[in-house]
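S.K.: As a plain string of letters, each chain reads:
4 protein chains.
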Amino acid sequence: MAIAMDAEALARFLEEAFPQVAEDYVIEEVSEMALRVRLAVAERHLRPGGTVSGPAMFSLADVAVYLAVLAMVGPKALAVTTNCSIDFMRKPAAGQDLVAEARLLKLGRVLAVGDVMILPADGGAAVARATLTYSLPPER
Amino acid sequence: MAIAMDAEALARFLEEAFPQVAEDYVIEEVSEMALRVRLAVAERHLRPGGTVSGPAMFSLADVAVYLAVLAMVGPKALAVTTNCSIDFMRKPAAGQDLVAEARLLKLGRVLAVGDVMILPADGGAAVARATLTYSLPPER
Amino acid sequence: MAIAMDAEALARFLEEAFPQVAEDYVIEEVSEMALRVRLAVAERHLRPGGTVSGPAMFSLADVAVYLAVLAMVGPKALAVTTNCSIDFMRKPAAGQDLVAEARLLKLGRVLAVGDVMILPADGGAAVARATLTYSLPPER
Amino acid sequence: MAIAMDAEALARFLEEAFPQVAEDYVIEEVSEMALRVRLAVAERHLRPGGTVSGPAMFSLADVAVYLAVLAMVGPKALAVTTNCSIDFMRKPAAGQDLVAEARLLKLGRVLAVGDVMILPADGGAAVARATLTYSLPPER
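Residue numbers (full-length UniProt numbering), protein chains in the order written: chain H, 1 to 140; chain A, 1 to 140; chain V, 1 to 140; chain Y, 1 to 140.
No lab work stands behind these hints: they were computed from the structure.
What you are looking at is a predicted structure, and each value in this text was computed from that prediction instead of being measured.
Be aware that a few hints might be false.
Examples of chain V residues toward chain A, derived with CB under 8 Å [unchecked claim]:
1) 21
2) 85
3) 87
4) 104
5) 106
6) 113
7) 115
8) 126
9) 129
10) 131
We treat Cβ as the ideally placed atom computed from N, Cα and C, and that holds for glycine.
Sequences are here, hints too, so could you generate the full structure?
M.R.: Encoded structure:
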């Protein structure tokens with residue numbers, strides 16, 4: 001299955017469709033059914049103590065799988081998150097970016113399922129994992 | 001089981017511990033093992049089209065159950081979210097606040113489990129539901 | 001929204017479609033978007049110690065929401081479970097049946113979402129809770 | 001971290017502790033923080049049409065991560081499943097075994113988290129995935 005959008009095309013799409021959050025994310029790699037994106041951690045993502053907040057990790061996981069879907073089906077698809085199960089396993093260390101490695105496990109006619117590991121950008125054990133389901137619009 | 005913190009005490013705690021987000025939330029009601037909190041929707045919670053974003057709903061669910069736990073165990077407890085399963089069921093209408101109704105299903109020695117419904121403040125069907133698990137520190 | 005199948009019709013359907021498990025379940029009450037079903041606990045549902053096994057509780061949750069969907073959309077719908085998030089909160093006491101109280105939170109064109117509480121039939125705190133998503137076939 | 005129980009020791013433990021289900025499972029490989037187990041599919045695991053039932057897949061996922069925990073912490077640990085999120089992605093083909101590949105993502109003092117892919121034994125795309133959390137007893 002061919003890639004419909006590469007990292008550059010996805011970054012452009014993000015800027016146009018989600019200007020509020022586009023600068024948070026750096027798309028590092030796009031491959032078939034998989035994508036890696038980095039959260040450029042800023043003050044607004046932190047909790048007291050300098051650790052990345054749960055909502056910021058949720059957002060990263062959501063964006064990672066969303067972009068992995070778009071990479072395969074193209075920018076017209078209006079995928080909607082219907083379910084997320086996320087496990088927070090370790091407190092992220094302060095002062096470093098987080099990387100999300102997403103892979104699509106299913107890309108069906110009406111549903112896509114992907115999982116994602118969230119890792120410290122400088123290496124080390126996963127801080128969180130998530131699985132997300134997207135509903136794909138019928139017009140595909 | 002007695003309530004350890006009322007709405008006012010919880011609001012004060014939120015302002016001190018999480019000053020970045022405290023103004024987003026209005027604690028409307030605290031009762032035994034249950035709590036209702038409103039997200040005062042602002043520009044930063046929206047996606048294009050004026051609908052509340054997934055991460056903003058995740059945050060609301062997380063805060064609601066977290067506060068319900070604190071209401072029962074008091075401000076010393078450093079509860080940490082370990083798991084969240086969230087279902088996004090309907091697109092929230094633009095231009096209105098969201099309300100989270102949380103209840104604790106379990107408040108054990110090391111784990112607390114709560115679920116939460118997210119509803120439009122002006123009435124109507126639930127837009128999301130979530131279940132969250134918190135790890136409670138041993139020093140309790 | 002009218003009920004398409006009552007308790008008797010659902011029980012008959014269960015016997016025809018799932019003869020292996022039909023005798024395990026007693027449908028106690030069917031109402032709009034909600035259903036209560038009892039697991040008639042037998043030896044095969046138990047773990048050593050006499051407590052109901054996790055898989056038996058998973059099955060009960062799955063059947064409860066599945067039947068709640070069928071009650072609303074009728075026997076032709078071939079709903080397929082796509083996701084389940086289940087929390088096991090307390091060990092069920094030995095020697096008593098379990099009851100599942102399911103309600104549908106969403107009954108859309110392609111997806112249905114329901115949650116369910118699993119309670120001891122003789123009363124007491126919930127032993128488990130679950131949320132399930134079903135994919136509904138397009139021929140509806 | 002050393003392996004505390006190998007495949008043979010785990011199989012013996014399963015026979016003693018869970019004689020009702022032990023014959024269903026063949027432990028194929030044990031390594032650090034990972035384990036592969038096969039469900040020897042029999043009539044009782046099937047739905048009409050010959051496809052493996054959801055509860056049978058839930059059980060397989062649960063056993064796989066449970067055994068992966070025991071492999072690391074030894075037979076004294078009485079791990080209890082507290083949460084499972086499972087996605088059913090494809091209908092398993094009739095007439096073949098299923099294999100679960102589990103890996104532990106966290107093995108903490110009080111909680112263990114593992115995920116698992118369920119695949120057709122003869123190859124092909126994953127039919128389900130799951131993440132499970134276990135509470136570990138304090139006496140460890």
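S.K.: Which numbered conditions among the earlier hints are violated in the structure presented, ordered from lowest to highest?
M.R.: Violated: hints 1 and 4.
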